[in-house]
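*Asks:* The residues making up each chain are set out below.
4 protein chains.
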Amino acid sequence: MYSFKNDYSEGAHPRILNALVESNLVQEEGYGEDRFSQKAMELIKERMGRTDVDIHFLSGGTQTNLTALSAFLRPHEAAIAVSTGHILGHETGAIEATGHKILSIEAEDGKLTPSGVKAVLDAHIDEHMVKPKLVYISNSTEIGSIYKRSELKQLSDFCRENNLLLYMDGARLGSALCSKENDLQLSDLPVLVDAFYIGGTKNGALIGEALVICRDSLKEDFRYHLKQKGAMLAKGRLLGIQFLELFRDNLFFDLAMHANKMAEMLIDGLNQANIKFLTPSPSNQIFPVLPNALITELESKYAFHIWEKVDSEHSAIRLVTSWATKEEMVEAFIEDIRK
Amino acid sequence: MYSFKNDYSEGAHPRILNALVESNLVQEEGYGEDRFSQKAMELIKERMGRTDVDIHFLSGGTQTNLTALSAFLRPHEAAIAVSTGHILGHETGAIEATGHKILSIEAEDGKLTPSGVKAVLDAHIDEHMVKPKLVYISNSTEIGSIYKRSELKQLSDFCRENNLLLYMDGARLGSALCSKENDLQLSDLPVLVDAFYIGGTKNGALIGEALVICRDSLKEDFRYHLKQKGAMLAKGRLLGIQFLELFRDNLFFDLAMHANKMAEMLIDGLNQANIKFLTPSPSNQIFPVLPNALITELESKYAFHIWEKVDSEHSAIRLVTSWATKEEMVEAFIEDIRK
Amino acid sequence: MYSFKNDYSEGAHPRILNALVESNLVQEEGYGEDRFSQKAMELIKERMGRTDVDIHFLSGGTQTNLTALSAFLRPHEAAIAVSTGHILGHETGAIEATGHKILSIEAEDGKLTPSGVKAVLDAHIDEHMVKPKLVYISNSTEIGSIYKRSELKQLSDFCRENNLLLYMDGARLGSALCSKENDLQLSDLPVLVDAFYIGGTKNGALIGEALVICRDSLKEDFRYHLKQKGAMLAKGRLLGIQFLELFRDNLFFDLAMHANKMAEMLIDGLNQANIKFLTPSPSNQIFPVLPNALITELESKYAFHIWEKVDSEHSAIRLVTSWATKEEMVEAFIEDIRK
Amino acid sequence: MYSFKNDYSEGAHPRILNALVESNLVQEEGYGEDRFSQKAMELIKERMGRTDVDIHFLSGGTQTNLTALSAFLRPHEAAIAVSTGHILGHETGAIEATGHKILSIEAEDGKLTPSGVKAVLDAHIDEHMVKPKLVYISNSTEIGSIYKRSELKQLSDFCRENNLLLYMDGARLGSALCSKENDLQLSDLPVLVDAFYIGGTKNGALIGEALVICRDSLKEDFRYHLKQKGAMLAKGRLLGIQFLELFRDNLFFDLAMHANKMAEMLIDGLNQANIKFLTPSPSNQIFPVLPNALITELESKYAFHIWEKVDSEHSAIRLVTSWATKEEMVEAFIEDIRK
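Residue numbers (the working numbering), protein chains in the order written: chain V, 588 to 926; chain Z, 588 to 926; chain B, 588 to 926; chain E, 588 to 926.
Hints may be right or wrong, so weigh each one.
The list treats identical chains as one, so a pair stands whether inside a single copy or across any two.
What the hints assert, rightly or not - Below 27 Å or equal to it, Euclidean Cα-Cα: the simulated DSS-like pairs (lysine-lysine) are:
| no. | residue 1 | residue 2 |
| --- | --- | --- |
| 1 | K626 | K592 |
| 2 | K806 | K718 |
| 3 | K913 | K806 |
| 4 | K896 | K718 |
| 5 | K896 | K740 |
No wet-lab data here; the hints were simulated from the structure. Since the model is a prediction, treat every value here as computed from it, not as a measurement.
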């Protein structure tokens with residue numbers, strides 16, 4: 588059984604484990620004040636060409652989202668997200684548990700647009716309703732699409748004109764930035780969004796997300812929020828060492844490129860077999876529509892999610908590739924489809 | 588500079604890193620449903636001689652405390668803790684942030700007693716006050732003391748008679764259970780408390796605490812709370828593999844015994860130098876009272892916390908030993924004191 | 588300018604003020620333990636033919652909803668409501684501020700059905716999503732419709748089969764129960780729902796809602812929640828005296844019947860003028876669709892809400908009648924429409 | 588049985604009821620936007636000689652405290668209060684339920700001092716602890732003491748130097764300002780504190796507190812918080828009309844003066860009978876220490892709280908006077924003591 592179920596089925600890239608082993612007995616300060624974390628922050632800032640951002644390392648995506656949003660919003664302020672947004676349907680009400688409503692917008696391609704946000708603003712006119720304040724987007728999105736630079740720029744401009752914060756969930760930012768269709772640079776992000784995170788867990792780390800706070804007014808006292816939400820590890824070095832290894836050279840991007848390459852191979856192979864897709868996706872999640880009988884057959888050899896029923900005889904499945912996906916297994920999968 | 592500052596200055600015990608390396612490319616389910624986590628749970632249950640408890644792995648102590656207490660308490664219910672309790676003063680209001688008050692009791696030795704709890708109950712008599720519901724204790728405590736079996740039994744009986752939950756923070760449970768003065772067994776805990784956790788972070792793991800829920804009524808839907816509070820790791824295997832290694836044989840206890848042995852060496856050496864202690868502590872945290880001038884001198888070679896001022900010329904410092912503490916550094920420290 | 592804007596434009600029915608005046612200098616216990624409140628609870632229970640329910644008086648609808656739902660739900664549990672539900676869009680995120688998500692269902696007529704609820708249950712399958720637990724309905728609804736006995740029975744049965752709580756917001760329960768189309772009795776409610784409130788504010792009281800808790804497991808410690816949420820008035824008598832007056836005889840229902848009669852007069856008059864309605868509504872809120880030019884004209888003499896744009900030349904307005912609505916003003920309004 | 592149990596045993600001052608009756612059928616906007624509320628705000632501002640403050644009317648003290656503090660504080664920020672502070676022990680964890688810890692200081696006379704606050708600041712040094720941000724005081728305090736102008740000035744100066752907010756709970760502000768020992772003016776308050784409330788419930792209103800927000804940065808969007816916390820009454824006029832009547836002339840102060848005068852009569856009478864007091868209190872709550880046998884006897888004719896045991900044969904009781912306290916009952920009580 589080989590799994591295309593997600594991008595966190597394996598441990599970590601061997602270089603990361605190696606870095607943990609090598610640094611293991613060095614004594615360091617706790618709570619993220621170790622030299623590895625400090626150095627990792629510097630490297631990431633360099634990579635973005637910005638020294639005026641704050642970086643914090645957290646363990647996972649839900650934890651990052653809930654810590655950031657609850658720190659950024661006042662009690663009456665709400666977030667806006669597309670209906671497929673991870674915080675809306677897949678984080679067990681983590682944001683609401685900190686007291687904040689999330690306002691939902693339908694969007695076929697998983698992406699928010701100024702007109703979608705505007706519709707929410709127009710519907711929230713006084714103190715009997717929450718005050719929309721933060722726009723949550725994911726890149727790549729939950730259905731594999733990515734934001735083009737111009738799309739993000741328009742959204743960013745709209746948010747600034749309307750006094751809204753723009754936050755990007757980057758659980759799969761590596762795959763987004765390494766997509767063939769991408770025209771965004773990491774260095775564009777601090778210019779265009781107010782805060783975002785660079786996902787490590789789904790791109791080769793054991794655990795770890797790097798939250799980047801770009802807007803000055805959001806930076807103050809953030810470490811208090813880390814601690815209060817249980818997000819400050821005693822051995823913060825565990826996160827620092829991993830990001831140090833990922834950003835010491837091009838490893839972070841190399842891993843994402845491998846994941847994307849494997850996804851492209853799958854797309855090509857499926858295209859050749861005349862398989863259609865539920866939605867186009869230029870990143871490491873793809874959604875082919877297959878006959879149910881074929882799906883049943885595939886399930887005996889591969890693990891994957893059945894995403895949704897398409898018609899009485901077809902369903903879309905989700906295939907996810909990662910830094911660890913083996914080319915021969917991709918080939919085997921395509922071969923099995925062809926047969 | 589050698590650090591006696593805490594028990595999380597180094598990475599993990601080499602066997603743990605080795606286990607991570609060896610298992611690295613095995614594909615596993617996410618979110619704690621991997622085989623390593625399942626196996627680790629079984630081993631811990633075996634060690635306690637109990638199959639009817641639920642075990643969940645979390646990343647750190649604050650996270651475990653806030654997830655457990657907010658899951659166990661209704662909105663109007665409060666926790667009770669000694670004034671030195673970790674949740675009271677060192678978790679940035681994490682419990683209050685989930686909506687619950689903590690009622691504080693003074694206790695010289697860091698331990699709660701039935702009479703202390705009774706005083707709180709007597710003072711909370713109607714709906715204008717919170718309803719005390721959960722008794723929080725730490726073992727070992729924040730000042731290094733440990734609960735004797737009879738003490739814990741009395742507290743447990745009192746809690747049951749008064750419809751209170753008893754929760755034990757076991758961040759340093761290993762050191763407590765391996766103390767020379769200890770007469771508690773791991774298998775006693777599910778009998779005497781309603782929930783507790785076995786601390787990994789401070790006893791040789793990279794990160795990780797094993798929450799054990801003993802009372803049936805507290806078990807339901809706990810995984811929802813893990814997810815909601817950002818405590819469910821995508822790569823839950825990271826926690827499972829570590830606890831599997833710690834409990835595969837006697838490693839967890841061996842590491843704690845080493846930490847305690849190093850503390851005992853320090854105590855013996857300091858005793859011989861006629862140093863007094865702020866408080867007796869039979870575990871891996873000790874609190875010698877030293878002349879300020881000596882402290883300043885020691886600070887040039889060792890890292891430690893200055894705990895509190897004792898008089899105009901003396902202060903207590905905190906020395907913490909761990910699985911990683913080197914015997915030769917303990918000897919060197921004692922030698923430096925003697926001089 | 589005469590207002591049809593809402594049912595809380597005036598003070599209270601004169602009998603209520605009179606009761607306040609007459610009882611004014613009697614000394615009473617505070618916090619709802621006065622004899623007036625106790626007597627009012629008894630009368631309401633008698634009216635329902637049930638002595639096994641708990642009744643609490645609160646100041647307003649949002650306060651009642653947030654106090655009840657936060658007391659009834661555990662942190663990971665969510666409410667379900669139609670998209671027009673008051674708690675969803677018109678209470679400034681009050682429920683979310685207590686930590687709970689509300690799951691939204693589209694419903695043309697403002698009413699929830701078993702199939703709607705089932706769709707939500709089917710979509711919430713594991714601990715990555717909130718757990719739907721409480722079904723929130725309003726009667727009459729936010730768009731004036733009412734639940735027939737059979738509809739409520741089906742919903743109630745479905746909830747019980749699926750371990751869901753059923754909660755009814757009765758801000759306008761008087762108008763619903765006195766509607767010509769109604770076949771529900773007040774005594775049916777404790778049989779069919781787990782908790783509901785009888786709205787006083789919009790039916791002749793100065794302020795006040797009577798929360799009725801029917802399910803035993805929801806009753807415990809509720810007064811703690813009242814106090815914690817700021818809902819326990821020092822002079823609880825203010826609420827008790829009013830409900831005592833409303834339920835001493837048939838006043839509560841008489842006032843609702845007047846409101847409904849005024850709405851029927853408006854409907855009849857508008858029907859005769861060939862005015863269509865946005866939605867049928869057999870209670871005290873009606874939604875005629877009028878030419879925009881006419882609306883502008885009416886606005887010089889009457890106050891009302893413009894509810895929504897229907898087409899480029901028409902909009903729906905909301906007219907609300909109450910215990911205080913004057914028949915001559917209804918006639919004048921109809922006359923103005925006819926012209 | 589005559590009650591000295593509290594200052595909310597009766598309804599409202601007759602002039603207030605009369606104002607409600609007279610205004611009853613006037614149609615007004617809801618939610619505090621009625622003309623009565625607007626006019627009442629103006630009158631209170633005039634009385635303080637300040638037009639640059641914001642005023643909001645709420646129903647009760649707990650509601651006002653929780654709405655204000657949760658609006659003013661970020662999640663990691665805490666309040667500071669004396670151990671007898673109402674928010675600490677008598678509001679069922681209402682502040683903690685909004686996510687904020689309250690740090691407690693012992694104070695014999697119920698009053699906070701700069702040195703007490705400084706001790707808290709000195710003990711909260713980093714992000715592992717909450718950040719003290721708001722100083723909560725009551726005037727008069729929970730044990731009847733009042734702040735002198737110089738004391739409040741020193742506390743205010745200290746707060747500003749240390750970037751702390753100063754909030755005054757004025758549930759019994761009328762009695763404090765009308766105390767013989769008082770040298771504060773209502774107009775001093777906006778100069779010295781950042782927000783405070785003027786208590787109506789305990790000074791002749793049916794319900795109602797007037798929250799005055801003085802610091803600009805705390806004003807924004809406050810009405811959202813009112814609505815979210817269930818504190819915005821549909822018939823906001825109920826609060827406006829009462830405060831309009833209280834501040835139309837000197838009624839608010841006249842009522843407080845009567846309460847104080849009755850307390851002074853009690854003190855004089857008890858002094859003449861050689862009764863001692865637990866604590867001096869120049870406002871409408873007094874705490875005589877009486878033999879237990881006498882207390883039992885008095886309980887057959889009078890209602891009051893037994894405050895605390897003093898020794899094996901004596902206890903302190905609390906006597907509270909109000910706008911409604913009858914002079915002849917005070918005389919009767921003194922007479923009964925003398926016998």
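*Asks:* Look at each hint and say if it fits the structure.
*Replies:* A quick look at each hint next to the structure:
1. K626 x K592: between (34 Å within a copy, 22 Å between copies)
2. K806 x K718: Classified as both; 22 Å inside a copy, 15 Å across copies.
3. K913 x K806: neither (41 Å within a copy, 39 Å between copies)
4. K896 x K718: Between copies only: 23 Å across chains, 36 Å inside a chain, cut-off 27 Å.
5. K896 x K740: neither (35 Å within a copy, 32 Å between copies)
The structure fails hints 3, 5 (numbered hints given earlier, in ascending order).
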